[in-house]
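A.B. asks: One-letter residues, chain by chain:
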Amino acid sequence: MAGFNRSTPSWLNERWRIGWGTGVVLVTYAGLIAVRPTSEHGVGGPIALLALVGYTLGALLIVSGAVARLPPTTVALLPVAITVNIVMGKIVYFSGLPLQLDSIGTVLVGVVAGPAAGAATGALASVIVGMTITPGALPYAVTAAMIGFTAGMLARAGFFRRLSTAVLAGGLIGAVAGVVSAPITAFVFGNASGSVGQSALIATFQAFGNGMLKAATLQGLVADPLDKALTVVLAMAILKGLPPGFLHRFPFVRDRHILAPRADLVRVG
Amino acid sequence: MIEVKGFSFTYPTGSRPALSDVDFEVEPRELCAVVGGGGAGKSTLAGVVSGTVPHLTGGTAQGTVRVNGRDLDDTPLSGLVGEVGLVMQNPFNQISGARFSVREEIAFGLENLGVPRDEMAARVDLVLDDLGLTGVRDRSPYELSGGQQQLLAIGSVLVMRPTVMVLDEPTSQLDAAGNALVFEALGTLKEQGVTVLLIEHRMERLAHAADRVLVLDRGAIVAKGTPGEVLADERLEEWGVAPLRYTVAARRAAGRGLWPARKPLPVTLDAAAAGFGETVDHLDRGDWR
Amino acid sequence: MNAVRDTAHATGASGIHRLNPLTKLAFAVTVTVCAFAVVDYRWPLLLFGILLLPAAIGAGVLRRFLLMLTTFWVPVAVVLFVVQGFFLPGAHDVIAQLGPLKLKSEGVSFALLTALHILVLMSGFFLLLLTTHAGAFMSALSERKVSPSLIYIVSAALQIVPALSRRATRILHAQQARGQVIHGLRGRARALVPLMGPLILGAFTDVGERAAAMETRGFGATRHPTSLTAVPDSGVQRCLRAAMMLCAVAAVTVNVWGVVR
Amino acid sequence: MIVRIDSLTFRYPNGTTALDGVSFSVEAGERVAILGANGAGKSTLARHLVGIERPASGTIEIDGRRTDGLGIAELARTVGFVFQNPDDQLHAASVVKEVGFGPRNLRFPPARRTELVESALRRTGLTELRDTHPHHLSLGERKRVALASVLAMDTPVVVLDEPTTGQDHASVVLLGNLVDDLATDGRTVLAITHDMDFCAEHFDRVIVLENGGISWDGPVAHWLAQVADMAGQTLELPQMTRLGRRLGWAGPVSTVAGFLERLASEADPAPVPSTAP
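Protein chains in written order, with our numbering: chain A, 47 to 315; chain B, 930 to 1218; chain C, 8 to 268; chain D, 71 to 347.
Some hints could be false.
[What the hints assert, rightly or not] Just so you have them, the derived chain B footprint on chain D, three or more residues with Cβ under 8 Å:
1) 209-218
2) 238-252
3) 305-317
4) 330-336
[Said to hold, decoys possible] Listed below are the simulated SDA-like cross-link pairs for lysine to any residue, each with C-alpha atoms no more than 25 Å apart in a straight line:
5) A/136 - C/71
6) D/167 - A/290
7) C/109 - A/254
8) D/167 - A/289
9) A/136 - C/192
10) B/1119 - B/1012
11) A/136 - C/209
12) C/109 - A/243
13) A/286 - D/199
14) A/286 - B/944
15) A/260 - C/265
16) A/286 - D/164
17) A/286 - B/988
18) B/1153 - B/998
Quick caveat, the hints were computed from the structure, so don't treat them as lab data. Everything numeric in this text was worked out from a predicted model, so none of it was measured. Note that CB positions come from ideal geometry on N, CA and C, so glycine has one too.
With the hints as extra help, turn the sequences into a complete structure.
C.D. replies: Below you can see the structure in the form of C-alpha cells.
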C-alpha cells in the first residue's frame, strides 16, 4: 500500500510519486475518453474496472508522495480537517439542502498548507468516509485529492487574497471536481451515485440523449462549481475566525502571501 | 539541567513581550515550581524550556536557553526527544490520537524512537502501574475521564524517561488521590536525577514538593527562592498568586502578637501547627508576653 | 456515527476476526476486481452467495452486515434501476410503459449488473470493517512500513470524529442553557454560528498544541519506528494474499487488454 | 422553596444507576456546595437541574414548576448553568456580544438587556475587556466571560460546575465575592466543587453524593465536625480545619477568620469581639 519507507530508487521518491500518481490519473481519464465504450456491454465491467484501478492506483501514489513530505504541524492539521469535512457533510446531508459542502476542510488545508497537503486531505477523507460511513466514497478519492490540490495551486497563484477571486477559485475547483468524478459516477456507479437530486439531474441529461459519461460530466459541471464556491466562502470564514498565531505555524500560508493581511493579527490593548 | 539567561520573547502577533529578561537555573535532582497569575507567561516558559517555543510558534527571542548544556537556539526539536518531556495543560491535546488503547498511547513515544518491543512492553506496564491506570489499559484514551486523561498524558511522557521534565498544570482535574500519585512519581523522578520544572496552582502541594519557586508576573520573574521564602512574601497576592491560608492566618495572628516572633511565617501544615502550638502552649501556661 | 464505533471497536472471537487485516483487505480488493471483470450478472451474484454471505455468517456479523447493506446499497440500487431502467442511452427494447416513461430491457439488465457489482464492492469492505479493529488494521499497516504520518492521520481522524460529536452535544447543551431555541428552519439557521463556531474553531485551535506534543514525543524521529502490538500472521495467510493479488492482477490485465484491443 | 427534588433516580443508557432516590430542597438565597468523588453523580445531578438529563423516576420542581415538560431553553429563564469549559460556548466576536447572547435569546427588552449585560460585566471585572475578542483572553478570563454570560440572564438559580478549576487567584477571589453577593440578592447558588477551602469560605450548606445517593446534607460546619479524615481521600479538608485538628481543638474551624477568633478566645478566656478583617 501507500507510503513505502524503504530506501527507494529516485524515480519513486516522494516528489516523483505525486507526479506518477497524477500521470496515472490523467492517462486513465484519457484512456476512458479515447476508448469511449461503444457496446452497451462494455460499459458495465471492463471500463468500470479500468476507471476504478487507474484512479485508485493514482490516489495511492499521490497520497504516499504527499504525506511523506508533510511537516508535523500539517500532519496534526489533517485529521481535524478531515473531521470538519465529515461533520459539515453530515449536517448538510441531514438538512436536506441540495448541496454537499463536504470539502471545506480539504480546501482549507490546500490554502493553508499547499497543494500536496490539500491532496492528501481530500484522498484520506475519502478513505475515512469509506471506512466509517459508506464504501461508496472510496472510488472518489482522486476527485477529493484534486479538489485539495487545485485549491493549493490557486492559493499559490494568489486567488485567495480577495473574496471575489476566491469565489472564482471555488468555481474552478468545482469544474475540476466535476470532470474528474464523472467517469466514476458513470462507469462504476452507473450514474446512480450521490443524492437523489444529482441522480435526477443526470437522468434528465440522459433523457435528452447524452451518453452516460457526458451526462455525468454535465451534472458535475452544473452542480460542483456552485457547491465549491460556497465551500470556499465557508473555508474563508473559518480562516478569518481562527485565533491569531494559528497561521504562523504553516510556512506555506505565512511566507507566500496567500491571504490578505489580517487586521486582528495585531493585538490591540 | 536548565539554564535560562536574559531571555525575552514576543509572539508573532503580540504587542508586548510574553517573557522579558527571564533568568534562572534548575539543577538535576531539583524541582522548581513556577507560579503566577493568568497570562503571566507560565505556559510560554514551559514551551521555551521544552523547545516548542519559538521553534513551532515563531516570534522573536533574545537571550539563551540551555538544556543539559545544549543551546536550544541551535537544537532542533527532534534533537531533544527523549531528553526533555513536556506535559501540557490540556490532556486532550497531549493524547496523540494515533493509537486506539491507553497502553498503545503510552507506547507511542517509544515506538517513534524505535525501542524494541519487549523493552517497550515492560516500560509501559511499569508506568501504567505507577499511575494506577492498569485497570483501563485496553480502553480508548478518549473514553477516559478528564482526570484519567491527565494521568495518561503524564504517563506518556514519563515512559520516555526524560532527564528534564516540564509539566504545565498537570493535576488540575485530579482528585486528592490522583494528585498524590503524581507527586509521588515526581519525587521518584527527582531521586533518579531528573530536573523538574512544574507549573502549578495548588500551593499546598508545592510548599512540600518544590525545592525552589519562581514567581512570574507579566512575563518577568519577580521573586525566586525556597517555598518558605517566596510563598510567605506579603506581595504574593499583588503578583496574582494565592497565599496559603496558613500564611495568612499566621500573618494576621502576628499582628495581634499571637505568632511566635522569631518564627518565619509558615507555608506548610507542619510549620503552622508547630508555630500555633507554641502560641497555645504559652497561652495555657499564661507566660505569653 | 454508529459505523465509526463499529470499526473502532470491532471485537469478536471468530476465525475471520482473528485473520490478519491485510488478508481481509486483499480479499475485499480481489473480490471487487473479480466482480467487475466478468460481464455477466450471475457472476457477482455467485461471489456474493458463495463467498461474502457465508463469510458474514461465519464471522457472526450477519445482522449488522445486512443492516449496512440495506442502509447503503438498497438506495443506490433503487436509484440505479429508475435512472438506467428508463434513461439508459441507446436502449430501445421497451418492456413496460408508465405514462410518458418507457422501461427498457437493456436498461434493466445494465442496472442489474451494475447494482450487483456495487453489492460485491460494498460487501467486501463491510466484511473487512465489521471484523477488524481499526487499531489492529493500523498496526498491520505499520508493520508493512507504511508511513507513520499516514497511519497517524487515519487513526486520529477515526477517533476525533466521535470525540468531536460528543463535544458538539456539549456545545448544543451549553447554548440551549443560554436560551438558544433550535426549532424550525429559522432557528436552525440562526443556531449555526453559536454551534459550529466553537466546534470547528476549537478543533483547529487545538492543532498547534497537538503538533507540539507529538514532536516532543519523537514523532518522525526515526524512519524505523517499532510497534507495541504484534499483528498475528501466518505462512498460509501470506500465500493466500499472494494468490489473491495474482488473481486480481490477472483479471485487470485481461480486462485492460480487452478494452485496448 | 426554589428547588425541590424528590426521589430522583437516573440510569445511563448502559443500565448503570447514576442517581438513586435523591431528595432535597433548597431555599432562595442559599449557597449549596455539591461534593463527592469523581463519578459519584454530581454532574448528572446538576445536568438534571437544567433539563439536559431527564429522570428515570422522581420529580424536579424549580420555582414552583415541574420541569418534566420544559425544554433546556425554557428552563434557561430560571436556571443559569455555567459549564466547566468556557470554550464550549464562546462564539461571538467580542466579550460584550457574548454576554448579550443569553439575554437576547430570552427576549429581554433592549434597555433591560443593556442593564443586565453591563451589570454582569461589572460584577465579573470584565468592563474594560468588553470589546476584546475572546481569542485574546486567558483561560481564566474566558471562564469569567462564560460566568458573566450566565449572570446576565438574571436567573433566580445559578449552577456552577467546578468554578475554581484553572482559575488564578484574582479570579477565585472575585468568584467568591460574587457567590456571596448573589446570595445577598436572594439568588440561589449551587456549585459542584473539589476546592474545599472555597467551599468552606463561601457556602452555607453541603450535599455530599456517594454512589448516586446523598450521604450527607447539612451546614458546612456540621459536616466538617463529623467527617473523618476524608473518606476515600477524594477531598482535602480545608487548611484551617486540618490545622485546628492538629492543635487538638474540639469542634471544627474552617476559615482563617474562624481560626483567629478561636485563637483569640484561647488568649483571653473572656469573649473578645473579632477584629479580623
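A.B. asks: Next step is simple, just say for each hint if it's right about the structure.
C.D. replies: Hint check results:
{"no.": "1", "hint": "209-218", "verdict": "holds (count 3)"}
{"no.": "2", "hint": "238-252", "verdict": "holds (count 5)"}
{"no.": "3", "hint": "305-317", "verdict": "holds (count 9)"}
{"no.": "4", "hint": "330-336", "verdict": "holds (count 4)"}
{"no.": "5", "hint": "A/136 - C/71", "verdict": "holds (21 Å)"}
{"no.": "6", "hint": "D/167 - A/290", "verdict": "holds (20 Å)"}
{"no.": "7", "hint": "C/109 - A/254", "verdict": "holds (14 Å)"}
{"no.": "8", "hint": "D/167 - A/289", "verdict": "holds (18 Å)"}
{"no.": "9", "hint": "A/136 - C/192", "verdict": "holds (17 Å)"}
{"no.": "10", "hint": "B/1119 - B/1012", "verdict": "holds (15 Å)"}
{"no.": "11", "hint": "A/136 - C/209", "verdict": "holds (19 Å)"}
{"no.": "12", "hint": "C/109 - A/243", "verdict": "holds (21 Å)"}
{"no.": "13", "hint": "A/286 - D/199", "verdict": "holds (21 Å)"}
{"no.": "14", "hint": "A/286 - B/944", "verdict": "holds (20 Å)"}
{"no.": "15", "hint": "A/260 - C/265", "verdict": "holds (23 Å)"}
{"no.": "16", "hint": "A/286 - D/164", "verdict": "holds (14 Å)"}
{"no.": "17", "hint": "A/286 - B/988", "verdict": "holds (21 Å)"}
{"no.": "18", "hint": "B/1153 - B/998", "verdict": "holds (22 Å)"}
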